[in-house]
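S.K.: Each protein sequence line maps, in turn, to chains A and B.
Residue numbers for the first sequence, in the working numbering: 1 to 265.
Residue numbers for the second sequence, in the working numbering: 1001 to 1264.
It is worth saying that the hints were derived from the structure and are not from the lab.
Fair warning: there could be bad hints in the mix.
Stated by the list, open to error - Restraint-style ranges between C-beta atoms, simulated for each label pair:
(1) 1136/B <-> 136/A: 44 to 50 Å
(2) 246/A <-> 1242/B: 55 to 61 Å
(3) 1011/B <-> 236/A: 57 to 63 Å
(4) 1011/B <-> 151/A: 37 to 43 Å
(5) 139/A <-> 1032/B: 37 to 43 Å
Said to hold, decoys possible - Covered stretches of chain B (in silico footprint by chain A; criterion: 3 or more residues with CB under 8 Å from a CB of chain A, positions within the stretch not fixed):
(6) 1041-1052
(7) 1090-1102
(8) 1130-1144
Source: prediction; values computed, not measured.
Backbone N, C-alpha and C fix where the C-beta goes; we use that ideal spot for every residue, glycine too.
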Amino acid sequence: MRVRVAPYVEFAKKAFAREATYRMEVLTEIGSLVLRVYILRSLWTALYAQNAAPINLPLHGMITYATVAMLMSLILEVDGTRLIREKVREGTIATDLMKPISVPLYFFSDGIGQTLLHAVLVVPSLFCALLLVRIDVPSPATIAAFALSFVIGYGVNFFLNFLMNSIAFWTLETFAAQLIVRWASDLLSGQIIPLTLFPGIFGRIVFGLPFAAIYSTPLLIYVGVIPSSQWALSIALQAVWLVAFAAIASVVWRAASNRVIVQGG
Amino acid sequence: MLRAYLQYWRINFLTLLEYRANFVMWFFFTIIYHGVALAALYVTMRQFPSMNGWSFREVFFLYALWMCGHELHNTLFFTVVSVPDYVREGRFDRFLVRPLDALFQVLTVPQQIVPDGLVLAVATLVVATTATHVRVDWIFLIFVPLVVLGGALIDLGISLTVATISFWFVRVDTLRWVVMSLEQDFTRYPISIYTRGVRIVLTFVFPFAFMNYFPASYFLQKSDTGLHLSPAIGLLTPVIGAAWLAASYAFWLVGLRHYQGTGS
Chain A
1 MRVRVAPYVE FAKKAFAREA TYRMEVLTEI GSLVLRVYIL RSLWTALYAQ
51 NAAPINLPLH GMITYATVAM LMSLILEVDG TRLIREKVRE GTIATDLMKP
101 ISVPLYFFSD GIGQTLLHAV LVVPSLFCAL LLVRIDVPSP ATIAAFALSF
151 VIGYGVNFFL NFLMNSIAFW TLETFAAQLI VRWASDLLSG QIIPLTLFPG
201 IFGRIVFGLP FAAIYSTPLL IYVGVIPSSQ WALSIALQAV WLVAFAAIAS
251 VVWRAASNRV IVQGG
Chain B
1001 MLRAYLQYWR INFLTLLEYR ANFVMWFFFT IIYHGVALAA LYVTMRQFPS
1051 MNGWSFREVF FLYALWMCGH ELHNTLFFTV VSVPDYVREG RFDRFLVRPL
1101 DALFQVLTVP QQIVPDGLVL AVATLVVATT ATHVRVDWIF LIFVPLVVLG
1151 GALIDLGISL TVATISFWFV RVDTLRWVVM SLEQDFTRYP ISIYTRGVRI
1201 VLTFVFPFAF MNYFPASYFL QKSDTGLHLS PAIGLLTPVI GAAWLAASYA
1251 FWLVGLRHYQ GTGS
C-alpha cells in the first residue's frame, strides 16, 4: 500500500492547533513541573548528604537524571491513541475505518501534533528548571545517542498506549487496565527512580522488561551509566522491543477492525 | 439536616452492599496505586537508608497518616471536587434555587461511594504503626482519629478553594489535578528536606505539614528539625483543619455571591 504523507501532516497540524488553545493549562503544567523539579532536587540532595552515594551516579548525575526525566515526561505522557477509546465508545470509529486513510497512522500523526506542542513547552520548562538546578551537558556524541534512543522509546511508548487503548474494541472498561499499566510503567520504566537502584534479582528483571526501553535506556545513556561501548547493544535491545510491539499492535489492529465490521452488520 | 445526611449515608451503604464486586475491583486498583508509590520509596531508601534522620518505616508511617486523612476526605467530601464540572455544565445553578445550603447539597449529591481507599488507608496505618513500634497509648487512640479528621478538613479546605476558583475561571481541571498531585508529593517526605521558605509555606500557608509531618513527628518521638517547633503542635491538627476550612468557607461564600453561572 502506498502511503501519501500530506493528509497525515494536516492531521498533525490540526492536533497542534487544538492543543495550543488551552494556554492556561499549559502555564499550569509548566508551573507544576518546576515545583516537581524543586521537590526532587530537595529529596536527592537530602538523601546524598546523609548516605553513601551509589558508585556510578553522583548527586549531580541523579539531579540531571530526574530533571531530564521530567522534561521527557512532558512529551511521553501525551497519549495520542486515547482517541481510539473515545471513538469506539461513540461508534465513530466505523466511519473512520471507511475513510481512505490508515487509521493507526491517523492516530500516530495526531499524537505527533500534540507531542510537538509539548516539545515546544520543553524549552521554557527547561529554562525555568535551570533556575533551580544545574544539569550536566554531555558530549555531542552522547546527546546524539540519547536522541536516537529517545525516539525509539517514543515509538515503544506509542505502541504500548495503542495496545492499551485498543482493548476498548473488546471491552469498554479499559480505564482500570490502562491506569494500572500506566502506574506500573511509571515505576518500571525508570521515570521516577533509576532502575539501577533496584536490588539484585529485581534489578535484572526490570531491565529485562519492555518498560525500560521508554525512559531508562535514553536517560542512562545521557547520564553516562551506559558507557559508549554499550550504546549499540542497549539501543538494539530497544529496537527489538519496538519491532515486537509494532508486530503485536498490527495483529491486534487487524483483529479489532474485523470485529467492528462484524458488530456493525 | 443531620437526619437527611444520615439517611444519605444509609442509602450509600446499602448500594455498596449491592455492588460488592465493584468494591473488590476498586480495592485492587487502590492497592496498585499506593503500592507503586511505596515501592519506589522502598527501593530508594534501601540504597539511601536515612532521609534527614527518618528511616523507611518512619517515612512509611508518614505516608500512612497522610493517606488516612486524604482518603477520609475522598470518602466523605469527594463531590466538592466535582463542583467545577457542575459549574461548567450549568448543573450548579440547581443548588442555588433550592431552600437548602448549597454546600450541604454538594456534599449529598447522589453517587456511588466506594470507601476502598479509606479501608486500605486504615490497614496501612495499622501496619505502619506496628512496623515503627509506636507506643499505642490512650493519647494515640484519641488523637489519631482527630488528626485524620483534621487532615480530611485541610483537604476539604483545598478542594473548596479550587471549587470556588471555578466560579471565576471555568476551566480549572489542570489546576485541580496539579494541586492534588503536588499535595501528595510535598507530604510524602519530612518537610525538613525543603528550604526554609517552603517549610514555612507548608506549615502556615497551606498547612499540609499538619496532615502528617507534625503528628508523625510527635508519635514517633522525633524532634522537628525543619522549623524547630515542638512536635506536640501535631496534636493541633484538628484545630488547624477547622480554621483552614473556615477560611476557605468564607472564600466560598464570597464566590457564591459573585457567581453568575456560565449560561450553559
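S.K.: Evaluate each hint against the coordinates.
M.R.: To see whether the hints hold, each was checked on the structure:
1. Under the hint 44 to 50 Å, the C-beta atoms of residue 1136/B and residue 136/A, about 48 Å apart, fit the expected range.
2. Separated by about 57 Å at the C-beta atoms, residue 246/A and residue 1242/B satisfy the suggested range of 55 to 61 Å.
3. A C-beta distance of roughly 59 Å is found between residue 1011/B and residue 236/A, which places it inside the suggested range of 57 to 63 Å.
4. At about 54 Å, the CB distance of residue 1011/B to residue 151/A disagrees with the hint of 37 to 43 Å.
5. About 40 Å separates the C-beta atoms of residue 139/A and residue 1032/B, a value consistent with the hinted range of 37 to 43 Å.
6. With 9 residues having a Cβ less than 8 Å from any Cβ of chain A, the region 1041-1052 of chain B passes the three-residue criterion, so the hint holds.
7. Counting residues of the region 1090-1102 of chain B whose CB falls under 8 Å from any CB of chain A gives 0; the rule of at least 3 is not met.
8. Counting residues of the region 1130-1144 of chain B whose C-beta lies closer than 8 Å to any C-beta of chain A gives 0; at least three are required, and the coverage claim is violated.
Violated hints for the displayed structure, listed by number in ascending order: 4, 7, 8.
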